[in-house]
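2 protein chains.
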Amino acid sequence: MSKPLILVSNDDGINANGVHALVDFISDRYDAEIVVVCPDSPRSGHSAAITCDSPLKVTDCGNYRGARMWSVSGTPVDCVKLAIHELLNGRRPDLLLSGINHGSNSATSVTYSGTMGCAIEGCVRGIPSVGFSLLDHSADADFAHSRETIARVVDAVIASGLPERVCLNVNIPAQCTPAGIKIVRGARGYWSEEYKKYTDPHGRPFYWLTGAFHNIEPDSVDTDEYWLSRGWSTVVPVSVDMTACDAIAGVSAMFA
Amino acid sequence: MSKPLILVSNDDGINANGVHALVDFISDRYDAEIVVVCPDSPRSGHSAAITCDSPLKVTDCGNYRGARMWSVSGTPVDCVKLAIHELLNGRRPDLLLSGINHGSNSATSVTYSGTMGCAIEGCVRGIPSVGFSLLDHSADADFAHSRETIARVVDAVIASGLPERVCLNVNIPAQCTPAGIKIVRGARGYWSEEYKKYTDPHGRPFYWLTGAFHNIEPDSVDTDEYWLSRGWSTVVPVSVDMTACDAIAGVSAMFA
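Chains as they are written, first to last, in numbering that gives the first Met the number 0: chain P, 0 to 255; chain X, 0 to 255.
Keep in mind that the hints were calculated from the coordinates and are not lab data.
Please note that the accuracy of each hint is not assured.
Copies of the same chain are indistinguishable here, so a pair counts whether it falls within one copy or spans any two.
Claimed, not checked - Taking lysine to any residue pairs in the SDA-like style, the calculated list, with each CA pair at most 20 Å apart, reads:
#1 K2 to A248
#2 K196 to G65
#3 K2 to D30
#4 K196 to A248
#5 K56 to D30
#6 K196 to N16
#7 K2 to I126
#8 K196 to D30
#9 K2 to T58
#10 K196 to L87
Being a predicted model, the structure only gives us computed values, none of them experimental.
Chain P on its own, in the form it takes in the complex:
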């Protein structure tokens, strides 16, 4: 019987420390075949974007700790699609792990997250899929404290599977051993004050995204933001079906 196949991707790119840390952890713990397919450069904030209008190049990046490594000149979701359709030679992954992202994907950030774009793409295809993010944006972030959370989550998913059309968004506090794991919902909020304005050498304006996240429910104890700020890791089940089913009746009444 062949070993289980774990597909690993991310949005920080094939050279990011986070994906190497993830391969370190899972190759230490599981007797699995690991294939890594990541963007060839950072693609933070690429959500579930796909490349429709241009070709994609694939580069063989050799092996890392026994894992076959590939890079793709596209988005995080392109990596998952190309892996499934081409690079895995028809084998279906038993598990998709994305990350470890350099930086939080809690709360509303799941919408913009390429890390979670990968997990959503795997989930749409029926593959148990998890995205991991550490609350530290720096390129040399220390992922050591992530190891226990990742082990517990992956053990649980291997043992129990996941509900249909649900993937997991796992966020891990930085620079401390997490107090434990809370299963919660994503906090509601939005980003504000988002652009720094510059003037180019020809006197024309240009803009660069920045800003701060505004949690509109900081006291809600059932949210990821609440527990992350108190040193816990959080697991948010994410639905790949975006229909607001409980709004159908109300919207129908608008057209009656």
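Given chain P, work out where chain X should sit, using these hints.
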């Protein structure tokens, strides 16, 4: 009292016929100030992607039927963010309309849709937001049959507003007058056979996305695909909160 402000965006770019058709329809019907902010070139499939790691340029594209037109060197969501934070001079839109997309955004496609990325971004900020898509990919698609659906949807949203944290994904059949409007959920499915493989002049492979949508529930009468294929326009309420709240108990049990 100032006129209501309608922000229009899309993912097909500032030169697409679809956004001009949308401005035609709404400027004919409503006494509103219309501001259009679209990508400077097509960004189909860009989902809710944002540009974090490079600057954005903004170009004044003059007026079209009284609407102020801008283009942005970024994603659809970048356009909405820059509009709200910079280009509208602090005015808050009363309504955000995205499209008319050249091509369907029904079923699972909402995940990848830049058209719906715009609507989701508006909705996160509390702006009533609607994405419109015509089931015709061609650049010279005939949008005339969309007019009645758009009028009914926008009339309803102006009259009633929308539920909190819900936006609308409206798809319109092509080349016929729609039989009417159905309020439904997005059909479940996935895309398959997705890459055409080529060989470059140096003997290396490259890939281009293609493929077909597989509806895994073609007989479900409460889905968009079912009614679109029968000549109806469809309205799917889309939640901007991605937590699968009904999965929290089950996932919690995995960690007990």
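Here is what the structure says about each hint:
Taking the closest pair of Cα atoms, K2 and A248 never come within 20 Å of each other, the shortest separation being 48 Å inside a single copy and 31 Å across copies. In this assembly of identical chains, K196 and G65 lie within 20 Å of each other by CA distance neither inside one copy nor across copies; the values are 46 Å within and 27 Å between. With identical chains, the CA atoms of K2 and D30 are at most 20 Å apart within one copy only, with a shortest distance of 7 Å there and 65 Å across copies. In this homomeric assembly, K196 and A248 never come within 20 Å of each other (Cα to Cα): the closest approach is 44 Å inside a single copy and 45 Å across copies.
When the C-alpha separation of K56 and D30 is checked against a cutoff of 20 Å, the pair qualifies neither within a copy, at 30 Å, nor between copies, at 49 Å. In this assembly of identical chains, K196 and N16 lie within 20 Å of each other by CA distance neither inside one copy nor across copies; the values are 31 Å within and 31 Å between. In this assembly of identical chains, K2 and I126 lie within 20 Å of each other by CA distance solely inside one copy; the values are 16 Å within and 50 Å between copies. In this homomeric assembly, K196 and D30 never come within 20 Å of each other (Cα to Cα): the closest approach is 51 Å inside a single copy and 32 Å across copies.
For the identical chains of this complex, K2 and T58 are neighbours neither inside a copy (25 Å) nor across copies (54 Å), given an alpha-carbon limit of 20 Å. Taking CA atoms no more than 20 Å apart as the test, K196 paired with L87 passes between copies only; the shortest distance there is 15 Å, against 44 Å inside one copy.
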